[in-house]
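Asker: Work out the full structure, taking the sequences as your base and the hints as a guide.
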Amino acid sequence: GDGRVADPHLTGVRLGVPPSILLSPPSPILRGLSPVVRAVRQRTVRDILLAMKDRSELAVSLAYAALMYNDDEIADEVLELENELDDLRYELSVRTIVAGRSLEEAEELAAILEVGAAADEISDAVADLAKIILKGYPLHESISAAFMESEEIIGLVRLGEGAPLVGMRVSELYEPEKLAGCDILAVKRAGRWLFDYPDDLVLQEGDMLLLEGTREGVEAVRSLLGLPIRPRPERVEVSQESRELAHSLQVLRAHSELMVYLAYASMLMSSQAIALEVSRLEDEIDELHEEFEVKVLTGLAGRADPRAVVGLLRAGSAAERIGDAAHRMASVVERGVAIHEVLTAVVEESEESIAWVRVREDSPADGREIGELELEESTGMEILAVRRGLRWVFEPKDSFRIRGGDIVILLGPPDGLEAALKVLGAEEIE
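Residue numbers for the sequence shown follow this note's numbering, so the first one is 2 and each next one is one higher.
The set of hints was computed from the structure by calculation and includes no laboratory data. Note that the structure is predicted; figures quoted are calculated from it, not measured. Do not take every clue at face value.
[Said to hold, decoys possible] Mimicking SDA-like on lysine to any residue, the simulated pairs with C-alpha atoms at most 25 Å apart in a straight line are:
#1 189 with 408
#2 398 with 244
#3 189 with 423
#4 136 with 85
#5 179 with 352
#6 398 with 148
#7 189 with 416
#8 189 with 43
#9 398 with 287
#10 136 with 74
#11 189 with 228
#12 423 with 244
#13 132 with 206
#14 296 with 71
#15 132 with 190
#16 398 with 365
#17 398 with 377
#18 179 with 206
#19 179 with 208
#20 132 with 187
Answerer: Printed below as a string of structure tokens:
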């Protein structure tokens, strides 16, 4: 009776703001206003949120890669992403204000703005790491030690004149041997990042490829393109103190990443239990961060280059701030705010998707250990959490046994879900 038309892509919305308002380009009355508003005309709220989610995750990956390689070019990309996210956050505010019609709708629209603000805060946190690199600050040996054991890394390569990949379709590079086992996560062309690029995209001179693979694989691609090879950091003996700092840094990073994934999962599943776990982890990461700072300041004061100490403190602070941003997202669910379908659509459609599945009672995985299933190796999907009855198990170990009836949260590439469902003998929960 109010003249609203449901969007055909998102139906059954229980909330006041219809998806059509948030999924359709803004009204023509916005034309002729500021350049930002004109840009907003071309993007829906879902488009903006999806861009913010993908770019904030990319900024985190690139910031850690910049630290690992002490690489100015990668650090510059992080700062560009930070600026882009600032613009996207402003666009989101403009677009959401246009959608608002009453005080009743304010709460659900505020939830959308909270998620956008959190994504922007994540990029702000890691931008501080990039600035350390660009200022030429020395990196403490514990930072190198923290990244030494990483199985997969992020690489950034630019296609120069006459590069072997120029003129090839992306689909031609899907065979593992073509790119030494590396995956292309995104392509940057003419200043724009392409995440959801088509299979028939033809690579051009000047394109920048974001790769994920083993250190050896990334360096093999650099060699193929005639780029300088970055030698693997030598395994130098570091002090016990540096090993402890490296371990603390790894724990902080792992906690913050888990919190972000669980925050998105809490929205996808409208689960207060998962949101409360994010809240608990936020208290935990605050304590871990404080302990890390005390270790750094008491252990290195007067003995290490002060600029290296600043870099360590920034690395710990970045992880803690990412955790705070994740808590900001999850708190929307924790407060009992109904989640608009636009938010769940963004979680489902992003580059690294989260899926909610139920293991069948007759599943061949029933009673088997996670490590025995080799799920991540064969499908690219990993298990974030398992709910059995009323009990949640977060980050289950390889020795954890799957049971029929378990609810499992999976994380990984969307094209790996079907294979993961077969391995687990599970069905996706709609």
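Asker: Give a verdict on every hint.
Answerer: Evaluated hints:
1. 189 with 408: Violated - the C-alpha atoms of residue 408 and residue 189 are around 37 Å apart, more than 25 Å.
2. 398 with 244: Holds, at about 23 Å.
3. 189 with 423: Violated, at about 34 Å.
4. 136 with 85: Judged against 25 Å, a Cα distance of about 21 Å means the pair holds.
5. 179 with 352: Cα-Cα ~22 Å, so holds.
6. 398 with 148: holds (21 Å)
7. 189 with 416: holds (22 Å)
8. 189 with 43: Given that 25 Å is the threshold and the Cα spacing comes to 20 Å, the pair holds.
9. 398 with 287: Holds. Residue 398 to residue 287 sits at ~24 Å (cutoff 25 Å).
10. 136 with 74: holds (13 Å)
11. 189 with 228: holds (18 Å)
12. 423 with 244: violated (40 Å)
13. 132 with 206: violated (28 Å)
14. 296 with 71: holds (23 Å)
15. 132 with 190: holds (24 Å)
16. 398 with 365: Measuring from Cα to Cα gives roughly 19 Å; hence the hint holds.
17. 398 with 377: holds (13 Å)
18. 179 with 206: holds (18 Å)
19. 179 with 208: holds (17 Å)
20. 132 with 187: Satisfied, since the Cα-Cα distance of roughly 23 Å is no more than 25 Å.
Of the hints listed earlier, those the structure fails to meet are numbers 1, 3, 12, 13, in rising order.
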